[in-house]
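Protein chains: 2
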Amino acid sequence: MAKEVTNREDNYSQWYNNLVVKADLAENSAVRGCMVIKPYGYAIWEKMHEQLDRMFKETGHVNAYFPLFIPKSFLSREAEHVEGFAKECAVVTHHRLMKDPNGNGVVVDPDARLEEELVVRPTSETIIWNTYKNWIKSYRDLPILVNQWANVVRWEMRTRLFLRTAEFLWQEGHTAHATKIEAIQEAEKMVNVYARFAREYMAMPVVIGTKSEHERFAGALETFCIEAMMQDGKALQAGTSHFLGQNFAKAFDVQFANKEGKLDYVWATSWGVSTRLMGGLIMAHSDNEGLVLPPKLAPIQVVMVPIYKGDEELSQMKEYFQKIGKELASLGISYKIDDRDNVRSGFKFAEWELKGVPVRLTVGQRDIDKGMVEIARRDTREKGETPREGIAQHIQKLLDDIQANIYRKALDYRAAKTRKVDDWEEFKVEIEKGGFLLCHWDGTPETEARIQEETKATIRCIPLDTDVIKEEGKCIYSGRPSHQRVIFARAY
Amino acid sequence: MAKEVTNREDNYSQWYNNLVVKADLAENSAVRGCMVIKPYGYAIWEKMHEQLDRMFKETGHVNAYFPLFIPKSFLSREAEHVEGFAKECAVVTHHRLMKDPNGNGVVVDPDARLEEELVVRPTSETIIWNTYKNWIKSYRDLPILVNQWANVVRWEMRTRLFLRTAEFLWQEGHTAHATKIEAIQEAEKMVNVYARFAREYMAMPVVIGTKSEHERFAGALETFCIEAMMQDGKALQAGTSHFLGQNFAKAFDVQFANKEGKLDYVWATSWGVSTRLMGGLIMAHSDNEGLVLPPKLAPIQVVMVPIYKGDEELSQMKEYFQKIGKELASLGISYKIDDRDNVRSGFKFAEWELKGVPVRLTVGQRDIDKGMVEIARRDTREKGETPREGIAQHIQKLLDDIQANIYRKALDYRAAKTRKVDDWEEFKVEIEKGGFLLCHWDGTPETEARIQEETKATIRCIPLDTDVIKEEGKCIYSGRPSHQRVIFARAY
Chain S
361 MAKEVTNRED
371 NYSQWYNNLV
381 VKADLAENSA
391 VRGCMVIKPY
401 GYAIWEKMHE
411 QLDRMFKETG
421 HVNAYFPLFI
431 PKSFLSREAE
441 HVEGFAKECA
451 VVTHHRLMKD
461 PNGNGVVVDP
471 DARLEEELVV
481 RPTSETIIWN
491 TYKNWIKSYR
501 DLPILVNQWA
511 NVVRWEMRTR
521 LFLRTAEFLW
531 QEGHTAHATK
541 IEAIQEAEKM
551 VNVYARFARE
561 YMAMPVVIGT
571 KSEHERFAGA
581 LETFCIEAMM
591 QDGKALQAGT
601 SHFLGQNFAK
611 AFDVQFANKE
621 GKLDYVWATS
631 WGVSTRLMGG
641 LIMAHSDNEG
651 LVLPPKLAPI
661 QVVMVPIYKG
671 DEELSQMKEY
681 FQKIGKELAS
691 LGISYKIDDR
701 DNVRSGFKFA
711 EWELKGVPVR
721 LTVGQRDIDK
731 GMVEIARRDT
741 REKGETPREG
751 IAQHIQKLLD
761 DIQANIYRKA
771 LDYRAAKTRK
781 VDDWEEFKVE
791 IEKGGFLLCH
801 WDGTPETEAR
811 IQEETKATIR
821 CIPLDTDVIK
831 EEGKCIYSGR
841 PSHQRVIFAR
851 AY
Chain V
361 MAKEVTNRED
371 NYSQWYNNLV
381 VKADLAENSA
391 VRGCMVIKPY
401 GYAIWEKMHE
411 QLDRMFKETG
421 HVNAYFPLFI
431 PKSFLSREAE
441 HVEGFAKECA
451 VVTHHRLMKD
461 PNGNGVVVDP
471 DARLEEELVV
481 RPTSETIIWN
491 TYKNWIKSYR
501 DLPILVNQWA
511 NVVRWEMRTR
521 LFLRTAEFLW
531 QEGHTAHATK
541 IEAIQEAEKM
551 VNVYARFARE
561 YMAMPVVIGT
571 KSEHERFAGA
581 LETFCIEAMM
591 QDGKALQAGT
601 SHFLGQNFAK
611 AFDVQFANKE
621 GKLDYVWATS
631 WGVSTRLMGG
641 LIMAHSDNEG
651 LVLPPKLAPI
661 QVVMVPIYKG
671 DEELSQMKEY
681 FQKIGKELAS
691 LGISYKIDDR
701 DNVRSGFKFA
711 EWELKGVPVR
721 LTVGQRDIDK
731 GMVEIARRDT
741 REKGETPREG
751 IAQHIQKLLD
761 DIQANIYRKA
771 LDYRAAKTRK
781 VDDWEEFKVE
791 IEKGGFLLCH
801 WDGTPETEAR
811 IQEETKATIR
821 CIPLDTDVIK
831 EEGKCIYSGR
841 PSHQRVIFAR
851 AY
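Chains as they are written, first to last, in our numbering: chain S, 361 to 852; chain V, 361 to 852.
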C-alpha cells in the first residue's frame with residue numbers, strides 16, 4: 361500500500377498528491393477545482409478548528425455568521441479590494457432552473473435573472489462592514505471581536521488539494537476598534553496566536569513578519585503573516601492578519617461617536633487561516649512511508665494491532681487491548697484497535713504508517729505471557745518493547761516526546777536551509793537549492809518585481825524578529841542602502 | 361427595552377420577529393433572504409451543533425466535506441429530486457467579473473461563461489452519491505456513515521429569520537448500506553436521535569412519525585420526521601430522516617459486490633436538521649418579556665447583577681461575584697457578571713430577561729452582610745433569597761429544574777391543544793383554533809389535497825406511536841374506511 365506513494369526525492373509534487381489521496385485525506389471532486397475532504401482528513405481539520413476556536417475565544421472573540429453571497433456592487437466600494445478579489449470569482453446570475461423545452465434535463469430559466477448579480481464570497485470584509493454600519497454608533501459598541509467559520513470561493517486556474525482550491529474552508533476574524541493603536545495590536549495579537557498554533561499544535565516552525573506592499577492583502581495597510589518552510593525548501597504562507605486602517609469603514613461609511621462625542625471612522629482588522637494549513641501539515645513532516653502527524657492533531661494517536669492465530673486468540677487480544685484502551689482514554693489519548701480479519705498485519709502496519717498514527721502497539725500471545733508490548737513510533741520508526749504495566753503513562757510521555765521531536769526536526773531543517781546571501785550571482789545559484797535566503801533589499805516594489813521575474817523568488821516577509829535581520833547593508837539587486845534583511849524564497 | 365417587544369397575543373408573527381432582532385439573535389442582511397446570525401444567536405447554534413455532533417459520533421458517524429457547487433446535470437439524474445430542488449436555486453453561470461467599460465464598478469465578464477452551470481447546493485445527495493460511486497466496491501466498504509455540517513441555499517420567495525431563509529446552516533447525514541433493512545433502521549435511528557435532542561436539550565416535545573407521500577422528501581421512499589407545536593398552535597417540522605431506497609445508487613450507478621460476490625445497488629439514507637431549530641426553540645418557550653432558553657442550550661446560564669453605590673462597592677461586588685463564578689465554573693455552569701456602569705439595574709434585568717438567561721443573581725451591600733443572594737428564575741419569573749453558602753449546588757439543581765419545567769410546560773400546552781376530531785364541520789371550526797387534530801384519513805393524496813385547499817391544514821405526520829392512533833374509523837373528509845389517525849395542523 362505505502363509502496364504506491366512516489367518517493368519524495370523523485371517527485372515532491374507527486375509525492376504530496378499521492379499522500380493526500382492514499383492517506384484518505386481528500387480527493388478531487390466532479391466540480392473543477394473543488395475538493396472532497398474525506399473523513400480522515402476532516403477529522404484533522406476538526407482538531408485544528410477546535411483548538412483555534414478555543415484560542416480565539418480565550419482572546420475574547422465570539423463567532424457569528426454572515427451571508428455566503430455578496431452583492432456585486434459591494435466589491436467595488438473599496439478600490440484596492442476590488443482589484444484583488446473581483447477578478448476570479450463565482451457569479452450567481454439566476455435564481456431558477458426550468459425543464460429544458462427540448463427535453464434535456466434542466467436549463468437556466470431566462471426569466472429568473474437577478475437584478476444585481478451576487479458573488480460567492482471570496483472573503484467577507486465588504487458584507488461584514490456593511491453589517492457593522494448598523495451595529496456601531498458609539499465607542500461603547502467597540503471593540504467588535506467577531507470570527508466566522510465558513511467556506512469561501514476563489515476561482516483559481518491551477519488548483520492543488522488543500523493548497524489551492526476553488527472552494528476552501530477557513531475562519532475569518534473581522535474586528536472593529538475605536539483607535540488605530542488598538543487595531544494594530546489586535547492584528548499583531550492574532551498573528552501571534554497563529555504562530556503559537558503552528559508551533560505548538562502543528563509542530564511547524566514559522567517566521568512571523570510583515571508583507572511587502574506588493575504582497576499585502578488587497579485593502580490592507582499592513583499584513584502580518586506566518587511563513588513556514590516545506591521539506592522541498594519552498595515557503596508556505598500559513599496565516600495572515602491584516603491591519604485595514606479605516607479603509608473599509610470609509611468605504612461603508614462606518615462612523616462612531618468617540619468619548620469626546622466626535623464622529624470618527626472605525627479602525628479594522630481581519631485575519632484568517634484555512635484548510636491550506638492541512639497542506640502545510642502534510643508537507644512539513646511526512647516521509648516516503650506516508651503522513652507523520654503531530655500527536656496533538658492526530659485523530660487516532662495510538663493504533664493497536666493484534667498478532668493472532670484463530671478467532672479465540674483474536675478475541676482474547678481484543679479484550680487485552682480494550683483494557684489498555686481504557687487506560688489511554690482516561691488520560692485523554694485516542695486509540696483504535698485494528699481487529700480486521702481480512703488483511704495481514706503487514707498490510708495494517710503499512711496502512712497506519714501511511715495515515716501517520718504516532719504510536720503503534722503490537723501484541724502477540726508471547727508478549728502477553730511476558731507482560732510486554734511492542735511499541736513503534738511513527739516519527740523515527742523506532743521499535744522497542746515496553747512493560748504492559750504503566751503503559752498508558754509511558755505512551756503519554758512518548759506522545760509529548762514525538763510532538764517535540766517533530767518540531768525540532770522541522771526547526772533543524774529550516775535552520776540548515778536558511779542562510780544570508782549578499783551577492784546577486786550567488787543568490788541566483790542559492791535560490792535553486794531552495795530554502796530561505798536572508799538578503800538586503802532596497803524596499804522598492806521595482807526591485808522586488810525584477811527579482812521575482814528573474815528568479816521566481818518572492819519576499820516572503822520582513823521578519824519581526826529584528827535581532828536576526830536588523831543590520832545595515834546593500835540591496836542584493838540594486839546595491840542601494842538597506843537597513844534590514846528580508847526573507848526571499850520560492851513559495852507555494 | 362423589553363417593552364419594545366410586541367405582545368405575543370396581539371401579533372404572534374411580529375412578536376417572533378421582534379424577539380429575534382431585539383435579543384440579538386439574527387437580522388436580515390443586504391442580500392435578499394439571507395440572514396446574519398449575530399454572536400448571541402450563533403452561540404446558541406454552536407451549542408446545538410456541539411451536542412448533535414456528539415450524538416452523531418456516539419452513533420458511529422464521522423464528518424466530511426463535499427463541494428458547495430453541484431453541476432446542473434447532476435440534479436436531473438434522479439427524476440423526483442429534480443422536481444423538488446431544481447426549481448428555486450442559486451445558479452452560478454460565470455467565473456469572472458471585469459471593470460465596467462463604462463466606468464461603473466464591475467460587470468460580469470461575458471467571456472467567462474461556465475461550460476456547465478453550477479447550482480449552489482440546496483442539499484447534497486447528488487454530489488455525494490457521485491462521490492460514493494468511487495468509494496464503494498464491496499460490502500466491506502459498507503456502511504458509510506458520513507455527516508456534513510454546511511450551508512445550503514434554496515431560493516425561497518417569502519423568508520423569515522431562522523424559519524425560512526435563502527441560505528441556512530445545517531447538517532446533512534448521508535449513509536450507504538448493503539441491505540434495505542439496515543438503511544431503514546439507520547433512518548429510524550436518526551429520527552430518534554433528533555427526537556431525543558429536541559426533548560432533552562431544546563426542552564421541546566415532538567411527535568415522531570412518517571410523512572404522507574405528498575409531503576415526502578423528493579427522492580425518498582419514506583420520510584421520518586419530528587413535529588413540534590409552537591405557542592400559536594401551529595406545527596413546525598423540526599427534523600427529517602429519509603429512507604432513500606436505491607434511488608440515488610441507481611441514478612449514480614453505485615453498485616457493490618455483496619458477500620455472495622453478486623453486484624447490487626447500495627441502499628441509502630439522508631437526514632438533516634438546520635438553523636430552523638433556532639426558530640423552534642424561540643417559538644416553543646418564549647414570552648412577552650423575551651426569550652426563555654432551556655439551560656442546556658443557554659450560552660450564559662447565570663447572570664449576576666450588582667446593586668451598588670460608587671466604584672468601591674462595585675469593585676467589592678465584582679470580587680464577590682467572581683468567587684461565586686469560580687464555584688459555578690467548577691460545576692460546568694457558565695456565567696456573566698454585568699458590571700456595566702452606564703445603565704441602571706432595571707435596564708440590565710430587562711435585557712437579560714429579553715435574552716432568556718435562565719438564572720439571575722442580584723446582590724447589594726445588605727445581602728452581602730446577611731450572607732444572602734437574591735435569585736430569579738427566567739421561566740417562572742419567581743424571585744427569592746438563598747444563602748450564599750452552597751449557592752453553586754443550589755443553582756445546579758435549579759437549572760435542572762428549569763430545564764424540566766420548560767419541557768413540562770410545552771408538553772402540557774401541546775396536550776391541551778391536541779384532540780381527536782371525527783366530524784368534517786367540526787374540523788373546519790377546530791382547525792381555526794390551532795393545535796394538532798388527530799383524524800382519520802383515507803390515505804389518498806386527493807383527500808389530503810382537498811383538505812389543504814379548504815382549510816390550509818396539512819398532514820404533519822402519521823405518528824409512529826401506534827397506541828395513540830391505531831384504531832378503525834372513517835376518513836374525516838371522504839368517509840371511507842381508515843385504520844389509524846394522522847395529525848392535521850397548519851404549519852410553518
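Keep in mind the hints are simulated off the structure, nothing from the lab. Given the structure is predicted, the values throughout are model-derived calculations rather than measurements. Each hint should be verified, as a subset may be incorrect.
[Stated by the list, open to error] Beyond 10 Å from chain V on every Cβ pair, some chain S residues (computed):
{"#": "1", "residue": "Asp-370"}
{"#": "2", "residue": "Glu-387"}
{"#": "3", "residue": "Ala-390"}
{"#": "4", "residue": "Lys-447"}
{"#": "5", "residue": "Arg-576"}
{"#": "6", "residue": "Asp-699"}
{"#": "7", "residue": "Arg-726"}
{"#": "8", "residue": "Lys-816"}
[To be verified] Chain V is faced by these chain S residues, among others (derived, beta-carbon under 10 Å):
{"#": "9", "residue": "Arg-414"}
{"#": "10", "residue": "Met-415"}
{"#": "11", "residue": "Lys-432"}
{"#": "12", "residue": "Val-452"}
{"#": "13", "residue": "Val-467"}
{"#": "14", "residue": "Lys-497"}
{"#": "15", "residue": "Phe-709"}
{"#": "16", "residue": "Leu-798"}
{"#": "17", "residue": "Gly-803"}
[As the list claims (entries may be wrong)] Just so you have them, the derived chain S footprint on chain V, three or more residues with Cβ under 8 Å:
{"#": "18", "segment": "455-463"}
{"#": "19", "segment": "542-555"}
{"#": "20", "segment": "767-773"}
Glycine included, each C-beta is placed from N, C-alpha and C at the ideal position.
Hints, verified against the model:
1. With a least CB separation of 26 Å from chain V, Asp-370 (chain S) remains clear of the 10 Å interface cut-off, as annotated.
2. Separation of Glu-387 (chain S) from chain V is inadequate, the least Cβ-Cβ distance of about 8 Å not exceeding the 10 Å criterion.
3. In this structure Ala-390 (chain S) is not separated from chain V by more than 10 Å, as the shortest Cβ-Cβ distance comes to only about 5 Å.
4. Listed as a non-interface residue, Lys-447 (chain S) fails to keep its Cβ farther than 10 Å from every Cβ of chain V; the least gap is roughly 6 Å.
5. Every CB of chain V is more than 10 Å from the CB of Arg-576 (chain S) (nearest about 21 Å), matching its label as outside the interface.
6. Distance check on Asp-699 (chain S): its Cβ is at least 14 Å (rounded) from any Cβ of chain V, clearing the 10 Å threshold; non-interface status holds.
7. Listed as a non-interface residue, Arg-726 (chain S) keeps its Cβ farther than 10 Å from every Cβ of chain V; the least gap is roughly 30 Å.
8. Every Cβ of chain V is farther than 10 Å from the Cβ of Lys-816 (chain S); the closest lies at roughly 25 Å, confirming the non-interface assignment.
9. With a cut of 10 Å, the hint placing Arg-414 (chain S) at the interface with chain V is violated, because the nearest CB-to-CB distance is about 12 Å.
10. Against a cut-off of 10 Å between C-beta atoms, the interface hint on Met-415 (chain S) is violated, since the closest Cβ of chain V lies about 16 Å away.
11. The criterion of a C-beta within 10 Å of any C-beta in chain V is met by Lys-432 (chain S), whose closest approach is roughly 6 Å, and the hint holds.
12. At a threshold of 10 Å, the smallest CB-CB gap from Val-452 (chain S) to chain V is about 5 Å, leaving the interface hint in force.
13. The interface hint given for Val-467 (chain S) holds, since its Cβ lies 8 Å from the closest Cβ of chain V, which is under the 10 Å cut-off.
14. About 13 Å separates the beta-carbon of Lys-497 (chain S) from the nearest beta-carbon of chain V, more than 10 Å, and the hint is not met.
15. The criterion of a C-beta within 10 Å of any C-beta in chain V is not met by Phe-709 (chain S), whose closest approach is roughly 19 Å, and the hint is violated.
16. Taken as an interface hint, Leu-798 (chain S) does not check out: its beta carbon lies about 38 Å from the nearest beta carbon of chain V, beyond 10 Å.
17. Among the interface hints, the one on Gly-803 (chain S) is violated; its C-beta lies about 30 Å from the nearest C-beta in chain V, farther than the 10 Å criterion.
18. Restraint check on the segment 455-463 of chain V versus chain S: 4 residues with Cβ-Cβ distances below 8 Å, three needed, restraint holds.
19. Counting residues of the segment 542-555 of chain V whose beta carbon lies closer than 8 Å to any beta carbon of chain S gives 0, which falls below the threshold of three, so the coverage claim is violated.
20. Evaluation of the coverage hint for the segment 767-773 of chain V: breached, as 0 residues show C-beta separations to chain S shorter than 8 Å, against a requirement of three.
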